[in-house]
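Colleague: Numbering (the working numbering), first residue to last: 347 to 458.
Rather than coming from a laboratory, the hints here were simulated on the basis of the structure.
Do not take every clue at face value.
List time: in silico DSS-like cross-link candidates among lysine-lysine, alpha-carbon distance up to 25 Å [as the list claims (entries may be wrong)]:
id	residue 1	residue 2
1	Lys-432	Lys-452
2	Lys-422	Lys-458
3	Lys-411	Lys-432
4	Lys-383	Lys-458
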Amino acid sequence: MKRRYLFYLIVFGGLTIFGCEEESKDNELVMEGIVAKVDAREVFIYEEELEGETMILSEEEVISKSLQASYFGFDKEISGIEVGDKVKVWYDAMDTSLPGSGHGTKIEVIDK
347 MKRRYLFYLI
357 VFGGLTIFGC
367 EEESKDNELV
377 MEGIVAKVDA
387 REVFIYEEEL
397 EGETMILSEE
407 EVISKSLQAS
417 YFGFDKEISG
427 IEVGDKVKVW
437 YDAMDTSLPG
447 SGHGTKIEVI
457 DK
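Produce the complete structure using the sequences and hints provided.
Modeller: Okay, structure coming up:
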């Protein structure tokens, strides 16, 4: 009888652990935007105001126009990203400051 309870406990515990791991991947947030500034481990992006019309702005212009923008810091160095690129950033945490700042988990170039 004790072996049966132990077996159920192990199975239920394993399912719980693996189930939570998958859920955390689904909860990642995504932001698309234009790169205004890029450093070794940080990128500053802003969202386009009008669909189809891409304006490349500097960091100062973005902040002065109060556009939706965020800094994202990464654990690893960023490569292949340049100012003006349209990117998609996955992140898991975001500060509510203006401009926002968050922890990026992945970055991908959509359009150069």
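Colleague: It remains to establish, for every hint, whether it holds in the given structure.
Modeller: These are the hints, each one checked on the structure:
no., hint, in the structure
1, Lys-432 to Lys-452, "holds (14 Å)"
2, Lys-422 to Lys-458, "holds (21 Å)"
3, Lys-411 to Lys-432, "holds (19 Å)"
4, Lys-383 to Lys-458, "holds (14 Å)"
Against the hints set out earlier in the document, no violation occurs for any number.
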